[in-house]
Amino acid sequence: MSFRKILLFALLLSCALPVLRTQEQSPPTIRTNSSDDIILRPIPGEVIILAAADVQPASAEKSGELAEAIKTFNQVLWDDLSFSGFFTMAGKSFYPPYPIVRAEDIKYEDWSALPFKVTYLTAGTLDLNGGVLRAELRIFDMKQHVMSFGQRIGGDTDQVRAVAHRWADEIVYRLTAGTSMGIARTKIAYSSRRGNAKEIYVMDYDGYNQQAFTHNGSNNLFPNWGAENSHLAFVSFRTGKPEINIYSYKDGSRVAFPMFNTFASTPAISPDGARVVFSLRTPRGDADLFVSNLDGSDRRNITNNPAIDTSPTWAPSGRQIAFASDRAGGSSQIFICDSDGSNVQRIMKEGGDADSPAWSPDGKWLAFHWKPHLSTNYDIYIAEIGSGKIRQLTNSGGSDESPAWSPDGRHIAFQSNRNGTPQIYIMLLDGSQLRMITSQGSNTSPAWGGYFRRESDN
Amino acid sequence: MRRTRYSLVVIALFALSLLITLTGCHKKVAPPPPAPTKTETPAPPLAVAPAPTVSLTVSPDAIEAGQSTTLSWTSSNATNVTIDNGVGTVESSGKRTVSPSASTTYQARATGAGGNTVAQARVTVTAPQPAVIPTVNPTVSDALFFEQNIKDAYFDYDQYNIRPDAQSALQADARALNQRPGIRITIEGHCDERGSEKYNLALGDRRANAAKDFLVGLGISAGRVDTVSYGKEKNECEAHTEECWQKNRRAHVVMR
Chain A
2 MSFRKILLFA LLLSCALPVL RTQEQSPPTI RTNSSDDIIL RPIPGEVIIL AAADVQPASA
62 EKSGELAEAI KTFNQVLWDD LSFSGFFTMA GKSFYPPYPI VRAEDIKYED WSALPFKVTY
122 LTAGTLDLNG GVLRAELRIF DMKQHVMSFG QRIGGDTDQV RAVAHRWADE IVYRLTAGTS
182 MGIARTKIAY SSRRGNAKEI YVMDYDGYNQ QAFTHNGSNN LFPNWGAENS HLAFVSFRTG
242 KPEINIYSYK DGSRVAFPMF NTFASTPAIS PDGARVVFSL RTPRGDADLF VSNLDGSDRR
302 NITNNPAIDT SPTWAPSGRQ IAFASDRAGG SSQIFICDSD GSNVQRIMKE GGDADSPAWS
362 PDGKWLAFHW KPHLSTNYDI YIAEIGSGKI RQLTNSGGSD ESPAWSPDGR HIAFQSNRNG
422 TPQIYIMLLD GSQLRMITSQ GSNTSPAWGG YFRRESDN
Chain B
38 MRRTRYSLVV IALFALSLLI TLTGCHKKVA PPPPAPTKTE TPAPPLAVAP APTVSLTVSP
98 DAIEAGQSTT LSWTSSNATN VTIDNGVGTV ESSGKRTVSP SASTTYQARA TGAGGNTVAQ
158 ARVTVTAPQP AVIPTVNPTV SDALFFEQNI KDAYFDYDQY NIRPDAQSAL QADARALNQR
218 PGIRITIEGH CDERGSEKYN LALGDRRANA AKDFLVGLGI SAGRVDTVSY GKEKNECEAH
278 TEECWQKNRR AHVVMR
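From first to last, the protein sequence lines stand for chains A and B. If you're matching positions, the first sequence starts at 2 in my numbering and goes up one per residue. If you're matching positions, the second sequence starts at 38 in my numbering and goes up one per residue.
Isolated chain B, as found in the complex (with noise of 0.2 Å):
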């Protein structure tokens, strides 16, 4: 099963990387510039010039603030192309970033023999998330402030990969362990009550140490985090259904 998943996240990258590279060649291959013709013909003097077109996109059409999107236009007909916003004029296809400040809507202009057309863009503007960073209250002690904060990370069964919502609940472990540099944590592997006892006393070594390598990736020092395997031993949970077993299937984080 790990193999199975770490080789669709192989193969996915490499199209990605794959897509990524056409799509760059692609850009630098430009059709080449039309030959030169020999003997210049005059055009034939046109009755009715035909009406100019534009289309203009954004992509992408909501960002937060201080953050850039990528306007998009095309026109035919034209001798002339405005985007107004500050843009000015621009040639008659191609593509510009911009970052605005607020939410706005941008308009192209594109002039002719036979006319104006106008298209339009609109952009909506967020204000940035502010980052989650927990109110320290000098005042709460450690034990008040670890329960409120620390959280365990679960597993799937018979496994010790950090799975993405034990990576969020071990990140918040990590931030909450940062404001309080005193702390010193004790990681306790448990293992649901199906697989046997022996292995899961080494199954639940191996998620405690998976927990505790992921907390020393995100800075946590190695010294303020131990590591103990119960196995099956101190089940949080004894009801012989799938909610109860994740409950065990975890990395409990304790105070020391």
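Here chain A stands alone, though its shape is the one from the complex (with noise of 0.2 Å):
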């Protein structure tokens, strides 16, 4: 091996590298312990080198027509194998100078040749038929020279994103032998002020396809996601006072939810669908949660304290709920009690002002803004549920808030206003792969949904 080829084998490493690089930010006054046991990203035992040959058009007669489909399918599949984390992704200047149409025109011996041992390859073509756009995908396995899986995936030729989307997801699937299903059909629901009003709005994870979901002009704020994307729950002014609005995400129905006019906020649907948890005043003119069915039958207050008790999350296995409340005296903390509002404890004993907890998909992590001390920014913080051991995720000069995890646990999203107005951002949870997704008015409040069923699983 040449000098050269070292170089650049020591390169591409260092690409890896973030893969395996866990949070060591943290203010000096925070206690965190070292990252050796605290795994953020759990990855396949081997490190994947993925290469991503560009898709080319199925006839060449075509390639004018297919062109920007083309080049819009390359760079959306790139980028979310990317932001996967799974992968080191082989830089394309390194592939052979040949495109690959056919299995046959794969010569293992030009890769084999690489500067770094490609373990899998992704190749395939796009066609347009009759308004129809169909795409032909493969994964080779570069170590056995054989073909592992490939998929034929149709769609409307205003469906190339989601086309790329999809074969992402089903090489994140098959490649980590199912850690992660792959979040890059998934969508994030977050707040939109554009204008006077601020709309509740769902776009792609990555940004695209920004959608109004609310058209009533007042402000709509915190939405949350229902079991497997069935409902959008989130506060509305429509009314003139903050109430909880619960929707169908499936065909947009409203579900006859009760308006107290009075302060209703932050509603949380459970993991199993059936109860929402909500901040509601109570007669003794604070908030306390309550939990009711998704129609607001059988209301109960959970928590019955004469302090603030808000921004409720669910544990994934419904039996817990983590909130925020003041009743420590002064700001706002992270507590959890049991689903029933037993078991109360706080957290992490620091002070400062926390809120907005989320709970990671594993259960095992609670993810929140917090500031440590009197200042106008928050960062975004992790704490393991039990040992409240902390980590420190952004730490930006802006104020980072309101956390929510991706369906793998692999990565938060956020809004910041570091750049100016709040913005929606995405990263990993080691802070790597750092995307601002949202440009348009002011975001905030972002929720991840939860994963697309999987069509090839049916």
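For the record, the hints were derived by calculation from the structure and aren't laboratory data. Check each hint, because a few of them may be wrong.
What the hints assert, rightly or not - With beta-carbon atoms standing in for the labels, derived distance ranges:
1) B:202 with A:377: 18 to 28 Å
2) A:175 with B:193: 53 to 63 Å
3) A:364 with B:194: 32 to 42 Å
4) B:280 with A:419: 17 to 27 Å
5) B:260 with A:231: 36 to 46 Å
6) A:419 with B:176: 17 to 27 Å
7) A:364 with B:212: 50 to 60 Å
8) B:205 with A:377: 22 to 32 Å
9) B:280 with A:343: 39 to 49 Å
10) A:302 with B:163: 49 to 59 Å
11) A:216 with B:279: 51 to 61 Å
12) A:377 with B:107: 49 to 59 Å
13) B:293 with A:213: 22 to 32 Å
14) B:178 with A:213: 36 to 46 Å
Where a beta carbon is used, it is the ideal one built from N, C-alpha and C, also for glycine.
Using the supplied hints, reconstruct the complex from the two chains, each of which is provided in its own coordinate frame.
Written as structure tokens, this is what we have:
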């Protein structure tokens, strides 16, 4: 191996290192233990070096017609695979300089000659027939020199991104042995101020296809997804007061939920989709947490404390709830309790001001925003349930707030005003692959939807 | 913080009551009368009788007409003590409550074998402050009246207790609302930008409610007062300064 090749290999490895690194940034006042015993982003045992060869037009005469779609597909696939955090993406400039249209076009000896060993290669073709887009996609095992798996995906001509996302999810699911089902087709709901109103919007996880879900011209805040993306619950001022609104995400119909005409806020639908926990003013004048059925029946006050209780989030088991409360005196702190309100515990002894807890999909972590001292800026932290170990995930100089977990628990979406107006950002838990995915208006309170059902499993 | 403040008030009240109790006891436990002497020994003739002394104080020394104040005096070597301005002959030392209608200089005169001595004390009496009653101009519309008379209540950071300046504002609001029984209001709870959106929405509700409860406590019908929280969604002021934050931490009263 020449010196140049060693250098290239070292460069490539340095790209892989962020996958293994965990966040070490913490203000000195906060006790964090060494990173060794906490695996923030489980990865498969071996480092997968993935090559993503550009997809090709199925036939040369359609190359002009397909040029735009192919460019989009290649970019989306690359971004999805990079953002998944599972792979070391092999730079395209290293690839043998000829297109791969069929399996026979792969010359394994050329790939073996690269300064690093590609583990898998994705390649394929796009075709357009009668307004229907067809993709033929393959993954090749570059050690065994065989095709591992493939997929034919069809869609409308405006669904190039969706087709690429689906292939990315398939690759992630297969190559990680189901560690993640792939988040490329997930959605993020959020509150978007454009003009005087704040409407609930839903977009692809990468910030594309932003669509208004509400159109009521008032303030709509704090969206929350129901189980399997069945519902969207949020707070709306459309009747003048903050009220809980629950809509079917499938057909847009409103679920009949009581209007209280006082103060109701921060709804969170239980993991089984049957119950909702929310903050509601009591006759005493303070906000407590109530749990009810999705239609508001069987409503129970579970906190019954004269302090402010708000911002609840369910544990994935449905047996516990985390929330924010000022009951300890001074500012808002994070507490957990059983879903009937018993066994209230504060999750960390440090003071400051914390809100917006979000329970990780594996149940082990709470993400929240926190400022240990009085300042205008929050940062995103995670605390391990039980041990109370704390990790700081952001430190931008702006205010980073309202974290939301991706369904595979490896990513965080949050809002930040680090570049001026609040916008939605996504990143891997270790802070890498940071992307600002909104820019129009001001955008807050991201809620990351669940996995989309895998059609190939049906 | 809240608890500390309450504790201080409690301690202060306790200390005050203790003081009052002790002072009261002190008054009750008068020095025992001198034991009667069994044999009357004639006082030795005095070559030179000592001159009497007298001192007079008035507390408070400034009152409004209709209020009262207390004269206190002590004397020695006096056989007779008188105070003018209608008080008359008094014991050698003591206190007397007086209620002059105009500023008065009181003079105490002590007379004894050794001569006369006088002492003076002046109490200033001012006219009572007229109660602040906004003049009701029946031609002023409710909207204009509201604008001229209704004040917002402001809060400390992350607090919803009604501090003294907010009490004054809400007392003025209650007086104004009593003059215009037809006016119905909504109290909007607002917070500064520093807290997070979710918590602030609940905090704003708490502030609006605290202001409403205060007005209801002053006799305003609860049915006239609605509340709504906007958290930090509709802030008055956008700058990142304490001055601006204070403007935003308020219960904003609007007419329905």
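- Given a hinted range of 18 to 28 Å, is it respected by the beta-carbon distance of residue 202 (chain B) and residue 377 (chain A)? Since residue 202 (chain B) and residue 377 (chain A) have Cβ atoms about 25 Å apart, the given range 18 to 28 Å holds.
- Take a look at whether the Cβ-Cβ distance between residue 293 (chain B) and residue 213 (chain A) falls inside 22 to 32 Å. holds (30 Å)
- Query: Does the Cβ-Cβ separation between residue 260 (chain B) and residue 231 (chain A) fall within 36 to 46 Å?
  - Reply: holds (40 Å)
- Query: CB of residue 302 (chain A) to CB of residue 163 (chain B), is that within 49 to 59 Å?
  - Reply: holds (56 Å)
- Query: Using the C-beta atoms of residue 419 (chain A) and residue 176 (chain B), is the stated range 17 to 27 Å upheld?
  - Reply: violated (55 Å)
- Message: Taking 36 to 46 Å as the stated bounds, is the beta-carbon spacing between residue 178 (chain B) and residue 213 (chain A) within them?
- Response: holds (40 Å)
- Message: For the hint 51 to 61 Å, verify it against the beta carbon of residue 216 (chain A) and that of residue 279 (chain B).
- Response: Between residue 216 (chain A) and residue 279 (chain B), where Cβ atoms are some 38 Å apart, the hint is violated.
- Confirm or reject the claim that residue 175 (chain A) and residue 193 (chain B) have a C-beta distance inside 53 to 63 Å. Because 58 Å falls inside the window, the suggested range holds.
- Query: Holds or violated: 39 to 49 Å for the Cβ distance of residue 280 (chain B) and residue 343 (chain A)?
  - Reply: holds (45 Å)
- Message: Is 32 to 42 Å respected by the C-beta to C-beta distance linking residue 364 (chain A) and residue 194 (chain B)?
- Response: With Cβ atoms ~35 Å apart, the hint holds.
- So does residue 280 (chain B) sit 17 to 27 Å from residue 419 (chain A), Cβ to Cβ? holds (25 Å)
- Query: Is 49 to 59 Å right for how far apart the beta carbons of residue 377 (chain A) and residue 107 (chain B) are?
  - Reply: holds (55 Å)
Comparing the model with each earlier hint shows violations of hints 6 and 11; every other hint is respected.
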